[in-house]
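The lines below spell out each chain.
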Amino acid sequence: MLKINNIEVLYHEVILALKAVSLEVPAGEVVALLGANGAGKSTTLKAISGLLRHENGKVAEGSIEFLGERIDRKSAEEIARMGIIQVIEGRRVFEHLTVEQNLKVGAHLGGNGAMVRNGLEAVYHYFPRLQERRNVVAGMGLAPLLIKEIFEIITRLHQEQGIAILLVEQNAKLALAVARHAYVLEGGRVVMDGPSEQLRENPDIRDFYLGLTDLGARKSFRAVKHYKRRKRWIT
Amino acid sequence: METFLQLVITGILVGSIYALVALGWTIIYKCSGVLNLAMGELTLLGAYVCLAFYTWGFPFPVALLATLIVGFVLGLLTERLFLRRMIGQPILAVIMITAGLSFFFRAVVGFIWGTDTRVFTPPVFPTEPVRLGKMVMGQVYIWSFLAALVLLLVFVGFFQYSRWGLSMQAAADDEMAALSLGVSVKRVYALAWAIAFMAAGVGGTLLGNINGLNISVGYLGILVLPAVVLGGLNSVPGAIVGGITIGILQNLSGGYLEQLTPGGVKDIAPFVFMVIIMLFRPYGLWGWEKIERV
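As you go down the protein sequences, you meet chains A and B in turn. Under the numbering used here, residues 46 to 280 are what the first sequence spells out, in order. Under the numbering used here, residues 57 to 350 are what the second sequence spells out, in order.
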């Protein structure tokens, strides 16, 4: 169980990025984090994984707990060791290492050689194409997966391995389809949260994030923008 | 033709020592972006440490091993004491610290061992030269080459196959991504300095065996610069090729140009070469072309 209690995040001691954000990821569940660009989704993730400090940010108030232990003062290394791994956005592979070396870096916390080998096998089980290319340098000859494939694999990982996932994705429709619960961030605050089915039916969510009107038809971009200007949760 | 071959081969043998020191230099740059201005003093320090063990009566291989261990510890210590608190500070400030370290270590060496030239007595390697056809080669060169080669292989193997070596490479590639996977960047920096100290120490020792040991062995630290610029500042194979190339170049210019000039060509040639390389390939032969966004 990962629990964020009312945190406030500051960059460079002055820039307020998150304000009074609380959320929960129960063990073994998929939770989605929705929000526009700059709403604070990445900051929330970095606050959890301890990468904030690296960008001169800090959790100024509130606390983050994982398995009952406070982790908001721990280093990224300790947090990773506890079992929380942030998959950073963008194609962040180690370009000058081979595919297998990339995976070995990922497995370096995993202890002995047998565990690393098992881990590698599991990865190749989920991504068979990688096995063919295990000795290819990752910066060349690796194509990103399609969003749909990624979602399929996320669902499988969740179902087969019981991994809890906090999912941040611009594609709200897919995210809501996979997650059980979702939070909506805007301007650094949680403005709404609830079970996915409920959010899918919420008229504001349908308009803002799913681009659907009540009729279920796609609205024009201009109309959405207009609406966005008119209605805000926070003023 | 024999002279040419002789010069080239000697160049390769000496160049392997440069390659070793260049590798140590590159590791620090690759992992932390720091231009280590104290590399020459690290070679100096390592060489004197080995000399000390040798004069206390340890056999040379044991003395060399002890130097490696002392270098490892000193590297960790230096990083912990002087550089750890500079993580996250402007890189120029860190580079100035290494400049300070260079004076510090030089003074330490002068304080403990004085400034007279010392030699390894009794000579570590047999002094009678080896004949290869018409070429004559000092045994010290051949043994130094072998020692440097073994250490280079060990280091390259470490980077390619060991868990820590891989995480060092990962941190060099994308520090944020490495952090997110739980790689401890502090430990990566510490290891980089430890490896630099070890490589420099052995490089200095070997060079001290060839020419005798005094402050001028520290000049090697500057000579490493053209070697790594040629290979690409952050490329391990580049550092090795660069080091050997500089060795050959230095010998050739010494052999052919020295008699035409008042002297010193041998020392200048690598730097002239470096400037030419930078004009055509600013990233060296294998450097990563990093585009810095401002």
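None of these hints come from the bench; they were simulated from the model. Treat the hints with care, since some could be wrong.
The calculated lysine-lysine pairs, modelled on DSSO-like cross-linking and capped at a C-alpha distance of 30 Å, are [to be verified]:
no.: 1; chain 1: A; residue 1: K218; chain 2: A; residue 2: K119
no.: 2; chain 1: A; residue 1: K119; chain 2: B; residue 2: K242
no.: 3; chain 1: A; residue 1: K48; chain 2: A; residue 2: K103
no.: 4; chain 1: A; residue 1: K48; chain 2: A; residue 2: K218
no.: 5; chain 1: B; residue 1: K190; chain 2: B; residue 2: K322
no.: 6; chain 1: A; residue 1: K64; chain 2: A; residue 2: K103
no.: 7; chain 1: B; residue 1: K242; chain 2: A; residue 2: K103
no.: 8; chain 1: B; residue 1: K190; chain 2: A; residue 2: K48
no.: 9; chain 1: A; residue 1: K119; chain 2: A; residue 2: K64
Is it true that the CA of K48 of chain A sits at most 30 Å from the CA of K218 of chain A?
This hinted pair holds, its Cα atoms lying about 25 Å apart.
Against the 30 Å threshold, does the CA-CA distance of K48 of chain A and K103 of chain A hold or violate the hint?
holds (17 Å)
Would the pair K119 of chain A and K242 of chain B pass a check requiring their Cα atoms to be no farther apart than 30 Å?
holds (14 Å)
Can the restraint linking K190 of chain B and K322 of chain B be considered satisfied, given a maximum Cα separation of 30 Å?
Holds. K190 of chain B to K322 of chain B sits at ~24 Å (cutoff 30 Å).
For a C-alpha distance cap of 30 Å, please report whether K218 of chain A and K119 of chain A respect it.
Violated. K218 of chain A to K119 of chain A sits at ~34 Å, over the 30 Å cutoff.
Agreement of K190 of chain B and K48 of chain A with the hint, judged by alpha carbon distance not exceeding 30 Å
Distance ~78 Å between K190 of chain B and K48 of chain A Cα, so the pair is violated.
Taken at face value, is the distance from the CA of K103 of chain A to the CA of K242 of chain B at most 30 Å?
holds (19 Å)
Given the hinted pair K64 of chain A and K103 of chain A, is their alpha-carbon gap at most 30 Å?
holds (12 Å)
When you check the alpha-carbon spacing of K119 of chain A and K64 of chain A, does it fall within 30 Å?
holds (21 Å)
In summary, the structure is inconsistent with hints 1 and 8 from the numbered list given earlier, while agreeing with the others.
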